[in-house]
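Undergrad: Start from the sequences, fold in the hints, and give me the full structure.
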Amino acid sequence: MILDFVKNHWKEIALAILLFVVSFFWWQDHRGLVRAYEASTNSLEERIDGLKESYEIEALKKDEALADYKKQVFILEAERMDFIEELENRKTERKVEFVKMRRDDPEGFILKIETQFGFEHVE
Amino acid sequence: MWSRLLFLFALLYPSVAHADDGKFSLVPKNGVVKFDATCFDDDAMAKILTFSEFIAVELNGACSFEKDKMLLDHRLEVENLQIEKQGLEERYLIEIDTRDEEIETLRDIIKKNKKLNIPVVIATSVAIGFGVGFGTYHLASR
Numbered sequence: 022m023i024l025d026f027v028k029n030h031w032k033e034i035a036l037a038i039l040l041f042v043v044s045f046f047w048w049q050d051h052r053g054l055v056r057a058y059e060a061s062t063n064s065l066e067e068r069i070d071g072l073k074e075s076y077e078i079e080a081l082k083k084d085e086a087l088a089d090y091k092k093q094v095f096i097l098e099a100e101r102m103d104f105i106e107e108l109e110n111r112k113t114e115r116k117v118e119f120v121k122m123r124r125d126d127p128e129g130f131i132l133k134i135e136t137q138f139g140f141e142h143v144e
Numbered sequence: 008m009w010s011r012l013l014f015l016f017a018l019l020y021p022s023v024a025h026a027d028d029g030k031f032s033l034v035p036k037n038g039v040v041k042f043d044a045t046c047f048d049d050d051a052m053a054k055i056l057t058f059s060e061f062i063a064v065e066l067n068g069a070c071s072f073e074k075d076k077m078l079l080d081h082r083l084e085v086e087n088l089q090i091e092k093q094g095l096e097e098r099y100l101i102e103i104d105t106r107d108e109e110i111e112t113l114r115d116i117i118k119k120n121k122k123l124n125i126p127v128v129i130a131t132s133v134a135i136g137f138g139v140g141f142g143t144y145h146l147a148s149r
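Going down the list, the sequences are from chains H and D. For the numbering used here, add 21 to where a residue sits in the first sequence, where the first one is 1. For the numbering used here, add 7 to where a residue sits in the second sequence, where the first one is 1.
Warning: the hint list may mix true and false statements.
[Unchecked claim] Straight line, CA to CA, 20 Å or less: simulated PhoX-like cross-link-like pairs of lysine-lysine:
{"hint": "1", "chain 1": "H", "residue 1": "133", "chain 2": "D", "residue 2": "54"}
{"hint": "2", "chain 1": "H", "residue 1": "133", "chain 2": "H", "residue 2": "116"}
{"hint": "3", "chain 1": "H", "residue 1": "82", "chain 2": "D", "residue 2": "92"}
{"hint": "4", "chain 1": "H", "residue 1": "91", "chain 2": "D", "residue 2": "54"}
{"hint": "5", "chain 1": "H", "residue 1": "73", "chain 2": "D", "residue 2": "92"}
[What the hints assert, rightly or not] Quick look at which bits of chain H chain D covers, simulated, 3 or more residues with Cβ under 8 Å:
{"hint": "6", "region": "23-30"}
{"hint": "7", "region": "69-78"}
Just so you know, the hints here were simulated from the structure itself, not pulled from any lab data. Using N, Cα and C, we set each Cβ at its ideal position, and we do this for glycine too.
TA: Spelled out as structure tokens, the structure:
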């Protein structure tokens, strides 16, 4: 019975086997292409993640550097303010000293002006 | 004669008198000065003297501050450039590593599919199909 069927339809059976084999190899080929696509996609995703992480780390480091810079500038400006304040105090003290010198030691005051500016003293 | 004498006088006149650095006098209250003058009171004079005494210190301080600030600016710039360089190196390595991995995977896939050659596949399939067909036909004919 089966043999009769095969005998009568051997061409169809051969065609079916041929289609099956071709389909199998094409499927394998397609699977290879899908795998290649997946590999590319995975690689790209991995790369994007890595780059994102790298940029984030870079931004963090830059923020840290900027914070450090701001801190140092703040210290520098504070030191500058202290210096100006101290200088102003010294200047005020010196001014008082000069006023006192003018009253108590006119000769010394004259000498000071002469040496400081090179002016000639006239009696 | 007179003009020669005048010329000689002009030559011999002390040059110091012309290059006068200035005069000053300590004037008491209601006092009179012997020359045209600008009068400062004790406070103003003390301020002028103090100013001239401290100007160098003040400017040195300002200079030093600006220099330090510029140094900090440049240091930040250099640090940022170093960070960028480090980041670029890292990203370069990431690119290279992931591409290497991708290439390796693709190589594996190609290696697995190496035998796949469509004309050969078709020819083989046709041959197998015919073989199986004829085989079954002969078997069925017996």
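Undergrad: Each hint: holds or not?
TA: Hints versus structure:
1. H:133 with D:54: Within the cut-off at roughly 13 Å; holds.
2. H:133 with H:116: 13 Å, holds
3. H:82 with D:92: 12 Å, holds
4. H:91 with D:54: 37 Å, violated
5. H:73 with D:92: Within the cut-off at roughly 16 Å; holds.
6. 23-30: holds (count 4)
7. 69-78: Check passed, 5 qualifying residues.
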